[in-house]
Structure formats: structure tokens, C-alpha cells
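Take the sequences, apply the hints, and build the full model.
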Amino acid sequence: MTILLCSRNETVRNKWSMALKGQWQVHQASSAKELFILLKRFPIQTILLHRGSIDERELREICGRNGGSKVFVLSDRPDDKEGVVCLQLGCVGYANTYITPLRMKAAMEAVESGLVWIGTSLMQHLIKGLASAESQEASPVNPLLDGLSNREYQVARLVAEGLQNNEIAAQLDITERTVKAHLSSIYTKTRTKGRLSLALLMKKG
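Numbering (numbering that gives the first Met the number 0), first residue to last: 0 to 204.
The hints are simulated quantities; they were obtained by calculation from the structure and are not laboratory data. Among the clues, some could well be false.
[Said to hold, decoys possible] Straight line, CA to CA, 16 Å or less: simulated EDC-like cross-link-like pairs of lysine to aspartate or glutamate: (1) K127 x D75; (2) K69 x E9; (3) K39 x E55; (4) K32 x D54; (5) K32 x E57; (6) K202 x D145; (7) K69 x E108; (8) K127 x E60; (9) K179 x E166; (10) K39 x E108; (11) K20 x D79; (12) K188 x E160; (13) K202 x E166; (14) K127 x E151; (15) K14 x D75; (16) K179 x D145; (17) K192 x E111; (18) K192 x E108; (19) K80 x E55; (20) K32 x D78.
[Unchecked claim] If you anchor each label on the Cβ, the simulated ranges turn out as follows: (21) L199 x E55: 44 to 54 Å; (22) D75 x L143: 33 to 43 Å; (23) K202 x R40: 35 to 45 Å; (24) N141 x V83: 18 to 28 Å; (25) G51 x N141: 36 to 46 Å; (26) R76 x N13: 12 to 22 Å; (27) Q153 x G66: 17 to 27 Å; (28) G67 x G146: 31 to 41 Å.
Values in this document were obtained by computation on a predicted structure and should not be read as measured data. Where is the CB? At the ideal position from N, CA and C, for every residue including glycine.
Encoded structure:
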């Protein structure tokens, strides 16, 4: 995967570059203008975009181009509402500018495999949004949920309501380790890849 780092801040670009060095081919741009020039010269798979270095018009322009590059936005002060906007624009990730090198690598590996990477706060924001929008009318049970045990279904339902593992453990009077074990089994049985996709499945049925 070839990655393009875009930030006016050279220190930020170098920090990102060091985190990705050796595993991916990396190019750097100091502005949106330079970014578009490099996109014409190199086959870029993923763009790491420093939100503080571009305005909203540039963000929309970069996300709206039809070059096939994935856009991952990093913000100095991550905000859930801004994160939702980025996802609505088609971005594949939203995180803190100063993400640790280990998490940066994990994020790029997730994106490379076709997943979306977002932080815990935004994840909970999205899941709670799903829970609040959920219809009160009964809907047919999704076949993927049929294989869950009663306890697994309880855990899945609480995930869909936006609760975190420690809150689920407290509510069901079990350990966090047990919650994690249930979630692992739930993801396998429902063919989901994380809390958000599980919440979406629970909302559907």
C-alpha cells in the first residue's frame, strides 16, 4: 500500500512517516495543492489527511475526487460530530493527530484490509445514535441472531445500546473477561467485525 501524508506541519508528517516506515511506501505533501500534484504522479492507495492543515472546502474536494484513494482524517482535537461528517464524506478513518505509532500501524492495516478505523468515543456516539433511532415496532429476527445463546443476545443488545464492556459486565454481574469471550463468540456467529457492525445488525433485526 502506498500512503500519502498531507500536513503543513513537518513535525507531524515526520512522526507519521516514522510510524509507517519500512512497512509501506510513503510520500509527503505540505498542502492540498501539493497533494493533488502527487496524486497525479503516484498510485496512492491511502491519504492521511491532517484536518488542521486543510479547510472544509479542501476536505470535501479531496474526499470527492474519483481517483480511488482512501482518505483517513487525523484531527488535533477529535470531535464526534466532525468524525461523523468525515465518515459521511466517505473517509475510511478518523483519529487523533498524535495517535501512537503502534495504533497508527494497526489503523493502516485495518484500512488496508477494507475496514474502517475510528476511536472509541466516535464508535459509542454512532452506536448510541443507532439505539436512539431504533424503531419501537417489533421486527423479524435476523437469522444470524438465531444462533446466539440467551446471554450472548443480552450482551449483543447492550452493545447496540452503546454500553462499553465494563458497563455490560456490571449490568449482567459478570467479569469483563467473560464479556470479551461472549463478544468473540458473537462476532463469529453473526459474521460481524466489531461493535458498530454488530449494532447495525441488532438494529436491523
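Against the structure, the hints come out as follows:
Among the hinted pairs, K127 with D75 is inconsistent with the structure: their alpha-carbon atoms are about 24 Å apart, more than 16 Å. As the CA atoms of K69 and E9 are separated by approximately 22 Å, the hinted pair breaks the 16 Å bound. Of the pairs offered as hints, the one joining K39 and E55 is violated, with about 22 Å between alpha carbons and a cut-off of 16 Å exceeded. A distance of roughly 12 Å separates the Cα atoms of K32 and D54; the hinted pair therefore holds under the 16 Å criterion.
A threshold of 16 Å between alpha carbons decides the hint, and for K32 with E57 the separation of about 9 Å falls inside it, so the pair holds. Among the hinted pairs, K202 with D145 is consistent with the structure: their alpha-carbon atoms are about 15 Å apart, no more than 16 Å. Using a Cα cut-off of 16 Å, the hinted pair K69 and E108 holds, with the two alpha carbons roughly 13 Å apart. At most 16 Å may separate the alpha-carbon atoms for a hinted pair to count; K127 and E60 exceed this at roughly 30 Å.
Of the supplied pair hints, the one linking K179 and E166 holds, its CA atoms being roughly 12 Å apart against a limit of 16 Å. Using a Cα cut-off of 16 Å, the hinted pair K39 and E108 is violated, with the two alpha carbons roughly 24 Å apart. A distance of roughly 29 Å separates the Cα atoms of K20 and D79; the hinted pair therefore is violated under the 16 Å criterion. Of the supplied pair hints, the one linking K188 and E160 is violated, its CA atoms being roughly 20 Å apart against a limit of 16 Å.
About 20 Å separates the Cα atoms of K202 and E166, which puts this hinted pair outside 16 Å; it is violated. For a cut-off of 16 Å, the pair hint linking K127 to E151 is broken: about 19 Å separates their Cα positions. Of the supplied pair hints, the one linking K14 and D75 holds, its CA atoms being roughly 14 Å apart against a limit of 16 Å. Taking the CA atoms of K179 and D145, the gap is about 20 Å. The hint is violated against a cut of 16 Å.
Using a Cα cut-off of 16 Å, the hinted pair K192 and E111 holds, with the two alpha carbons roughly 15 Å apart. Using a Cα cut-off of 16 Å, the hinted pair K192 and E108 holds, with the two alpha carbons roughly 14 Å apart. At most 16 Å may separate the alpha-carbon atoms for a hinted pair to count; K80 and E55 meet this at roughly 14 Å. Of the pairs offered as hints, the one joining K32 and D78 is violated, with about 26 Å between alpha carbons and a cut-off of 16 Å exceeded.
One distance hint, 44 to 54 Å for the beta-carbon pair L199 and E55, is violated here, with the actual separation near 28 Å. Checked against the given bound of 33 to 43 Å, the beta carbons of D75 and L143, roughly 39 Å apart, stay inside it. With their beta carbons about 43 Å apart, K202 and R40 fall inside the hinted range of 35 to 45 Å. Checked against the hint of 18 to 28 Å, the pair N141 and V83 passes, with Cβ atoms roughly 25 Å apart.
The beta-carbon spacing between G51 and N141, approximately 41 Å, falls within the hinted interval of 36 to 46 Å. A hinted range of 12 to 22 Å holds for the C-beta pair R76 and N13, which are about 21 Å apart. The hinted window of 17 to 27 Å between Q153 and G66 is violated, with their beta carbons roughly 45 Å apart. Between G67 and G146 the Cβ separation comes to about 37 Å, which falls inside the hinted range of 31 to 41 Å.
In terms of the numbered hints stated before, the structure departs from hints 1, 2, 3, 8, 10, 11, 12, 13, 14, 16, 20, 21 and 27, listed from lowest to highest.
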